[in-house]
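Listed here are the chains, written in short residue letters.
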Amino acid sequence: MSKYLKIGLIVIVVLLLGSVAYAQDTLSGTITLWGWSYDSMSETGLIDAFEAEHPNVNVEIVVYPAGDTYQNLQLACSAGQGAPDVVQIENSNLAGFVALDGCLTDITDHVQPMLADFNAYKWSDAELDGRYYAVPWDSGPVVFYYRQDIFAQAGLPTDSASVSELVSTWDNYLTVCTTIMQTTGHTCFANSTATNNGRLFEIALWQQGLGYYDENGAVTVDSAENVATLEKLGEFWAAGVTSEAQPWTDSWYAELGGTGPDSTATLVEASWMGVFLKTWIAADIPGSWGVAYMPAFAEGQVRAANDGGSTLSIPAESDNKDAALAFIDFMLAQPQNQITQFAFNDFLPALETTYTDPIFSQPDAFFGDQTPRLIYLDVARQIPAANIYGRYYSLMNGHVATAIQQYSTGALSAQDALTQAADAIRTETELQ
Amino acid sequence: MTRRFTIRRVVEDSLLHLILILLALFMILPFIWMVSTSLKPISEVFQSPPQILSPNASFDAYVTLFTEKSFARNMVNTFVVAGGATALRLFFCALGGYGFAKYNFRGKNGLFGLVLATLVIPFGIMLIPLYYIMLQLQWIDSFLPLIIPGAANAFGIFFMRQYISTVPDELLDASRIDGASEFAIFWRVILPVVSPGLVSLGLIFFMGSWNDYLFPLIILKSPENFTLPLTIRSLIAGGLGRPVYNLQMAGSVISIIPLLIIFLVFQRRFIDGITAGAIKS
Amino acid sequence: MEIPLTPTSSSNRRAGNSAGQPGNLSQERSRWGLLFVSPFFLLFAIFGLFPLLFSMVLSFSDWNGRGTINIIGLNNIDLLIHDPIFWQSMLNGLWIFVVYTPIQIMLSLGLAVVLNSKRVRGFRLFRTIIFMPYITNMVAAGFVFQLLMNTRSGLFNQILGVFSIQGVPWLDTPFMARISLVILVLWAWIGYHMIIMLAGLQTIPQDLNEAATVDGATALQVFFRITIPLMRPVILFSLVLSTIGSFNLFTELVSLFPGTAGSGPLNSTLTPGLYIFNQGFGNFRFGYASAVAYMYFIIVFVIVLIERRFLGRDNT
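Same order as they appear, the protein sequences are chains A, B and C. Each residue of the first sequence is one higher than the last, beginning at 2 in this note's numbering. Each residue of the second sequence is one higher than the last, beginning at 77 in this note's numbering. Each residue of the third sequence is one higher than the last, beginning at 41 in this note's numbering.
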């Protein structure tokens with residue numbers, strides 16, 4: 002073989018080998034994450050595991066509370082620069098950013114194969130015109146938390162199945178509340194009037210598949226069904242079984258975590274509330290709380306709704322999208338990694354393929370050895386699609402909360418209050 | 077001559093002291109709760125009824141801050157930013173305030189109106205354009221935006237103008253007669269006379285800059301560069317991002333201590349060292 | 041040099057009049073004035089003017105934060121004139137202004153005077169404690185005030201219970217929510233204003249007070265006849281700041297009323313400052329937010345000008 006041919010062959014082989022090695026891991030550089038829930042990855046070794054798998058990638062986490070995350074993401078998208086590679090966005094705020102043309106990356110091709118693996122309802126906020134812009138992280142299936150000690154005091158059953166039977170509908174729930182108030186003097190749940198934030202109302206709408214707008218985008222805030230739902234909540238105010246505590250305030254914590262006459266008997270809220278009760282709100286009273294299914298709005302209807310839940314998304318400005326996508330895949334689409342996070346923070350994975358894991362059938366000592374996780378995932382599978390979140394959620398929730406405040410304080414009828422809110426929304430969003 | 081020890085005076089003094097003590101208690105109550113919370117484990121923070129001193133009190137929160145978060149470094153950052161911002165602001169505002177107070181020039185009232193106007197504009201609508209400017213200057217994630225633009229502080233120039241306007245003109249004229257240049261008048265006559273005002277303003281600037289989070293939030297991007305308010309805000313538990321109250325309170329307590337020391341030091345100097353009536357020549 | 045006992049007017053003499061200086065010297069001197077304020081305005085032009093102009097343009101658009109800025113003319117103005125929540129926020133600001141400002145000025149001035157004299161033992165300690173709220177983290181403060189104002193078990197109601205006043209709903213009704221907010225704002229800002237007043241007090245010559253006392257004036261007479269008139273520029277300053285502050289409250293709101301994100305019961309504590317921020321960063325309506333900001337600015341600026349007219353002298 003001629004000398005030149007030999008050299009040429011060697012060069013070709015070296016190039017081939019090099020490109021093969023290069024192709025093994027092309028991912029490199031730093032990816033910056035913005036958000037507030039990454040401790041389920043950093044404290045559990047998942048970040049290290051990811052970096053081990055991709056030795057040339059460095060993960061940097063910047064912790065911001067939700068409001069600051071959204072503000073800074075907005076700034077970056079407006080100015081065209083400064084966005085991170087991965088950003089945490091709650092479902093409630095996601096559609097707003099998806100609608101911000103060119104803010105988030107279109108990852109449709111990547112997520113298409115895994116659409117069916119996640120809770121179906123989680124995708125609606127991530128999607129626009131058939132394209133997808135985020136991957137679901139955790140869900141907020143709404144369940145019924147109840148104080149076993151107070152129920153016992155009121156002569157009611159305390160095991161999960163019986164309680165679920167007892168509060169099978171909102172009407173039955175009202176009966177239970179009245180019983181508790183009469184026999185023990187405890188309030189049933191916190192639902193402040195003048196400072197209502199609308200979340201319970203939204204839960205009640207969600208389970209019926211109702212919402213603030215319809216499939217054509219027209220505003221349905223003042224629909225007959227919505228008015229009826231609000232009036233159903235009104236029955237609880239009329240019966241005097243609710244407390245005025247506002248969520249995330251001192252009096253609310255005192256009600257949930259104490260054993261005095263102030264304490265409240267139940268709480269209809271998403272599964273993430275369980276871990277807060279367990280770790281700090283009611284940490285002193287293990288065994289007092291139990292978990293059951295939330296009431297159906299009417300007999301035979303769905304006993305599932307959603308409150309909260311986050312996603313991860315890649316801003317369009319990111320210059321390391323491949324690594325970012327690999328990160329999101331690793332953390333959210335790998336069942337084992339979602340389970341690791343779940344074990345850390347009890348936030349139900351939106352990835353349904355995890356639901357067969359034995360961790361869900363573990364009894365929880367805090368809840369008196371019940372198995373609430375089985376309830377969480379059962380509920381999550383049944384959550385209907387509802388038009389609550391969406392592009393204008395913040396705006397709509399603001400007006401609806403005001404309407405509820407006006408109704409509950411007796412200033413307006415439910416119809417008038419909701420109509421006023423609906424009209425304001427129509428003016429501001431130019432929807433019908 | 078005033079009679080010092082009448083009964084009426086004693087009663088007045090006691091009443092005065094009583095009111096002041098009650099007021100002081102009201103002012104300091106939240107701080108006491110902050111310290112108490114910073115020493116509690118997280119599960120006790122929301123106990124009802126609240127305890128002042130928990131039986132499980134410990135300094136764990138403080139230890140965590142310095143070992144697991146870059147708290148010491150953030151504190152240094154905050155010192156640098158607050159110190160630089162204060163110095164620059166004092167100079168610009170004193171100079172500008174003097175110009176407005178003691179000189180007449182065309183457009184003076186219009187310009188001053190503009191200054192007043194910017195005080196009224198809410199910061200929220202300035203965020204996007206400001207961020208954009210900082211991007212163009214490539215000042216994102218540096219301390220420069222926290223020090224330089226703020227020198228044009230409307231509140232500061234307004235204050236210095238009001239303050240300097242109480243200085244009698246005779247003082248200035250006397251120096252002019254003595255042949256001093258305009259800038260020398262500023263430097264040698266005005267500044268010493270208004271030093272109580274400068275110290276007050278300086279204290280307010282320093283504390284304001286130290287505790288500012290709205291602007292650093294949009295400028296500083298790497299956790300090592302954060303100032304203390306940003307670091308404290310990042311002490312949140314995962315999931316809903318609720319504040320980890322004992323850590324945040326510990327952070328706040330540490331954050332206040334340098335400010336307290338500075339205030340105590342300067343209080344002695346500006347009130348007691350420069351007694352009023354030094355306007356003698 | 042002798043200081044006259046009556047307060048001299050420190051108004052600027054007309055350029056060219058003082059001691060009969062020739063005109064061109066005063067012209068040169070006025071140039072110095074311009075020179076002195078120019079560093080300030082240079083920075084202002086770069087960092088203040090552009091954002092203001094940009095926002096002004098935005099206020100005629102429907103910009104959502106991204107993409108092209110479409111000018112829609114006076115549409116936003118029409119919207120905001122008919123926006124009941126905007127007017128509610130202005131009303132809230134006005135309410136707070138009317139209630140908070142007089143109390144704050146009297147209290148801070150009174151405290152400054154009392155703590156300026158040697159009459160109070162430990163006056164430095166009191167000053168420090170009163171100033172402390174200004175440097176305290178507002179999140180902490182808000183939470184503690186919730187603790188204090190808890191209708192059932194809060195300290196305030198427990199104390200009031202001793203006087204047979206039961207169950208005041210500090211944070212639950214629109215009226216009380218505003219009162220509670222005023223209390224929180226007073227707590228947070230008295231020290232700050234006290235410092236400003238203290239500095240102002242330093243400009244009053246000690247001999248003035250002494251001479252007046254020698255002449256037989258009581259402390260109150262000294263306060264009203266000497267102190268307050270001489271302090272007018274500083275009081276005006278404090279007044280303007282409190283005015284603007286009342287309409288611009290933000291952090292205080294969110295920490296006291298987290299459930300409603302600062303709006304309070306039935307939007308009773310929502311201020312224009314918070315409303316503007318929410319419209320921009322909550323609802324992606326930056327054009328509208330800017331329009332609201334400029335309308336609010338005009339109204340408050342007019343109030344400030346009125347204050348200056350009444351309280352300022354011709355030059356202040």
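Any given hint could be a false lead.
[As the list claims (entries may be wrong)] Result set (DSS-like, lysine-lysine): computed pairs, CA atoms no more than 30 Å apart in a straight line:
| # | chain 1 | residue 1 | chain 2 | residue 2 |
| --- | --- | --- | --- | --- |
| 1 | B | Lys297 | A | Lys322 |
| 2 | B | Lys184 | B | Lys297 |
| 3 | A | Lys279 | B | Lys145 |
| 4 | A | Lys322 | B | Lys145 |
By construction, these hints were calculated from the structure, which means they are not laboratory data.
Evaluation of the provided hints:
1. The hinted pair formed by Lys297(B) and Lys322(A) meets the criterion: a straight-line CA distance of about 19 Å does not exceed 30 Å.
2. Restraint check for Lys184(B) and Lys297(B): the C-alpha separation of about 40 Å exceeds 30 Å, so the hint is violated.
3. Proposed proximity of Lys279(A) and Lys145(B) is supported: the alpha carbons are some 25 Å apart, at most 30 Å.
4. Between Lys322(A) and Lys145(B), the direct Cα distance comes to roughly 28 Å. Compliance with the 30 Å bound is thereby established for this hinted pair.
Comparing the model with each earlier hint shows a violation of hint 2 alone; every other hint is respected.
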